[in-house]
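Peer 1: Residue strings, one per chain:
There are 2 protein chains.
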Amino acid sequence: MTTEQERAAIIQHVKELLGDETAQVEELSFLISSLHPADQVDLWRRLPSSKRETFLALLSAEGMARFLQHLPDEDREELLERIPRETLALVLDHMESDEAADILRSLPPADASRVLANMRTALQVAPLLHHAEGTAGSLMTRGYLALHPDMTVREAIAFMRLYRPFADEPYYLYVLDGANRLRGVVNLRQLIIAEPDTPITELMTTDLVTVRPGQDQEEVARLIRRYRLRALPVVDEDGTLLGIVTADDVIDVITDEDTEDMFRMAGVGVEERALSPLKESLRRRIPHLMVNLVTAFISGLTVRAFEGTVAQAATLAVFMPIVAGHGGNTGTQVATIVVRSLALGEVGPKAMPRLVAKEIGFGLIHGTLAGALTAALALIIAQNLWLATVVFGAMIGNVLVAGITGVMIPLLLRTLRLDPALASSIWLTTFTDVMGFLLLLGTGTFLAHKLS
Amino acid sequence: MTTEQERAAIIQHVKELLGDETAQVEELSFLISSLHPADQVDLWRRLPSSKRETFLALLSAEGMARFLQHLPDEDREELLERIPRETLALVLDHMESDEAADILRSLPPADASRVLANMRTALQVAPLLHHAEGTAGSLMTRGYLALHPDMTVREAIAFMRLYRPFADEPYYLYVLDGANRLRGVVNLRQLIIAEPDTPITELMTTDLVTVRPGQDQEEVARLIRRYRLRALPVVDEDGTLLGIVTADDVIDVITDEDTEDMFRMAGVGVEERALSPLKESLRRRIPHLMVNLVTAFISGLTVRAFEGTVAQAATLAVFMPIVAGHGGNTGTQVATIVVRSLALGEVGPKAMPRLVAKEIGFGLIHGTLAGALTAALALIIAQNLWLATVVFGAMIGNVLVAGITGVMIPLLLRTLRLDPALASSIWLTTFTDVMGFLLLLGTGTFLAHKLS
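So the sequences go chain by chain: A and B.
Residue numbers for the first sequence follow our numbering, so the first one is 1 and each next one is one higher.
Residue numbers for the second sequence follow our numbering, so the first one is 1 and each next one is one higher.
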């Protein structure tokens with residue numbers, strides 16, 4: 001049993017040995033291979049580049065395969081460039097076929113075919129290369145165990161003993177007919193506790209949830225989450241089993257999709273991490289920020305149209321951030337709820353009339369409350385009933401529009417088959433800024449002589 | 001093989017039969033039991049309350065157990081109130097022990113003990129009740145298979161055939177000594193392919209990742225995600241196996257934690273969904289929105305302090321939303337990246353100096369760029385070099401402060417053992433609003449005579 005502390009101590013020890021010229025290669029190599037690949041990755045990322053080479057040289061082909069499977073995409077691409085193509089073929093032979101396909105997809109086509117030509121598992125991996133990234137096909141592995149419907153339990157167990165097949169999903173066994181069509185599934189536990197003479201067809205479950213290879217990975221995640229599956233078979237239109245997607249791959253998909261949604265909502269380019277170097281952060285964030293600046297210019301230019309009104313009734317400027325800001329917060333709240341409910345498959349574009357109706361009700365009640373409080377503030381600081389009325393109206397209007405927009409934009413994006421999270425708070429707040437300024441300063445312009 | 005369409009058709013058919021007085025109970029009951037519990041829940045939620053009772057009456061105790069496990073918390077509480085306590089005991093006996101404990105925890109204590117007293121599995125479930133919600137202990141199940149270290153493979157298989165144990169995690173088998181201390185783990189595949197006379201101790205893996213029962217569920221999720229585990233054993237300080245947490249429970253934890261983070265960042269009360277009724281939305285959102293309104297008042301009152309300056313140089317009002325808004329977007333971007341990296345365990349509070357240093361560098365470069373563009377806008381619309389200078393300085397200053405604050409608030413919250421996602425964009429943007437107005441209107445006040 002190793003605790004987190006013990007693992008940290010081993011990592012520290014290996015790090016010191018790598019810096020020590022007199023260290024025994026055997027000891028180092030043993031210690032490194034005793035680490036979980038996730039810990040190896042941690043260690044490797046903390047090494048200076050000179051030591052990284054030494055570290056990698058100490059991994060076996062199998063060890064390298066496990067290491068690469070745990071390495072984040074950014075580091076992986078850089079590392080792959082430096083591995084000779086013949087070595088890479090050996091390494092990929094030790095990998096789950098979906099991961100090997102992922103790596104081949106990231107290489108220049110000429111390199112990929114050279115590597116594939118040298119791979120023992122080329123026949124398993126090559127068919128996966130046809131599937132686009134982000135689909136069920138790109139997530140699936142061919143590492144499943146197949147049984148024949150004519151087998152008995154005894155024959156199935158004998159078959160497994162004899163071939164000791166390696167499998168990514170070793171718990172489920174897939175029953176395929178002569179044409180590789182999926183007939184059913186049995187699990188190992190059923191196999192162990194059944195009478196040896198029971199035919200496989202008697203044990204197997206035939207009521208299966210399956211997906212097509214082109215289905216989006218978000219849909220795959222939704223099904224696995226909904227039906228609490230360990231693995232989901234991918235079949236073509238004839239029912240031929242093409243591969244399976246395992247639940248652990250889906251945990252990664254869920255994490256990535258959630259990160260993407262959060263970042264998009266906040267207007268950040270995806271894939272940035274807190275520890276990304278400054279140069280990378282500049283490259284990733286600056287373009288988004290320049291777009292944001294343009295949206296801020298739009299808000300500013302709206303005010304510009306009413307500069308005369310502001311000069312005449314400067315108190316209106318006090319209520320600019322209040323009306324605009326509160327509208328922005330209201331819209332962002334609603335949009336976040338809708339984006340999340342869409343992502344979890346709890347709601348679809350068809351619900352739009354119902355959701356819009358609800359937000360109108362919500363906006364009228366909430367707007368009246370928020371408007372009354374803001375109008376009270378206006379009365380206190382300016383003792384001007386006209387100002388209070390303008391502020392009251394602008395607040396109700398902006399909050400109402402913000403709620404409706406917050407519901408509609410994500411749903412419209414989904415209808416257009418775009419990511420609802422693109423309803424980023426930045427666009428939404430620009431909209432509520434502009435609308436708030438128009439309502440506040442527009443009505444203020446008509447009443448300017450009453451406000452000062 | 002059933003497709004999504006076929007499942008939808010069955011659901012529709014059941015719904016019609018439930019409305020038909022002459023329908024055969026047997027047919028209905030068969031059709032309902034043929035549905036996956038996730039689909040049963042969908043169907044049930046779409047029924048009028050009168051039909052819901054009929055539906056539930058048609059479920060067996062086991063069927064009801066599976067149905068309850070898939071029912072969202074909101075609906076579950078309401079339903080539990082209406083099930084007689086004796087029936088509930090029967091139902092909970094068919095549930096995974098962690099889920100049964102969850103339900104007992106949600107009942108009034110007197111009810112919980114009455115139900116527990118009637119449960120056959122009380123001995124398995126009762127120990128789980130000591131663990132607080134949100135800890136490893138509250139997620140774990142006692143439904144694991146235990147082997148003795150003295151067994152051979154043959155004996156282990158014979159043991160399983162004889163007892164046919166029901167298990168929530170049927171793939172891993174846990175090897176426990178006489179004092180129930182965890183010695184190692186074997187999996188079913190190893191058992192099937194090994195020679196029958198092999199001692200279990202020779203097959204078992206002893207290098208295990210484990211957690212203590214008090215550990216936070218986020219940490220449990222992190223370990224399962226990091227080491228790609230199917231199940232994580234929970235042990236006490238003596239190494240006694242208390243239970244296991246399975247990967248499917250963690251998918252739910254990840255989803256809930258991510259939802260919570262997104263909602264907190266957007267200043268929404270957790271647990272709201274797009275389809276929540278208006279009354280519930282009002283109750284949940286209004287308190288948050290009133291807090292937001294107060295933050296907007298703070299921004300407004302900052303402007304109030306400079307009302308004279310705005311009256312004298314109304315063009316400053318054009319740059320209020322630009323300087324404040326761009327600072328807010330910059331800060332939200334950074335905070336989102338840091339909150340996510342903290343949630344994924346990629347970074348800790350120790351990284352603060354490094355991250356702050358990076359944001360200072362970033363802010364200087366980005367601020368200069370954004371400031372220059374905004375100054376250019378000032379020159380274009382007002383042809384006033386003084387105004388351009390004020391705007392340039394305010395933009396650099398606000399962007400710099402926004403970046404530093406965006407890094408520091410989530411890290412400080414984590415240091416204080418609070419949720420970093422409380423660094424909600426609402427507080428952050430209030431801060432950048434106030435800072436932006438102070439910088440812009442403050443320097444503007446000194447130069448007011450040059451600006452108009």
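In short, the hints are calculated from the structure, not lab data.
Be careful, since some hints might not be right.
[As the list claims (entries may be wrong)] With a cut-off of at most 30 Å between alpha-carbon atoms, the simulated DSS-like pairs for lysine-lysine come out as follows:
| id | chain 1 | residue 1 | chain 2 | residue 2 |
| --- | --- | --- | --- | --- |
| 1 | B | 15 | B | 51 |
| 2 | A | 15 | A | 51 |
| 3 | A | 15 | B | 350 |
| 4 | A | 279 | B | 358 |
Peer 1: Run every hint past the structure and note whether it holds.
Peer 2: Going down the list of hints, with the structure as the test:
Pair hint residue 15 of chain B plus residue 51 of chain B holds up; C-alpha atoms about 9 Å apart against a cutoff of 30 Å. Under the criterion of a C-alpha separation no larger than 30 Å, the hint pairing residue 15 of chain A with residue 51 of chain A is consistent with the structure, at around 9 Å. Only pairs whose Cα atoms come within 30 Å are accepted, and residue 15 of chain A paired with residue 350 of chain B is accepted, the gap being roughly 20 Å. Taking the CA atoms of residue 279 of chain A and residue 358 of chain B, the gap is about 10 Å. The hint holds against a cut of 30 Å.
Comparing the model with each earlier hint shows no violations; every hint is respected.
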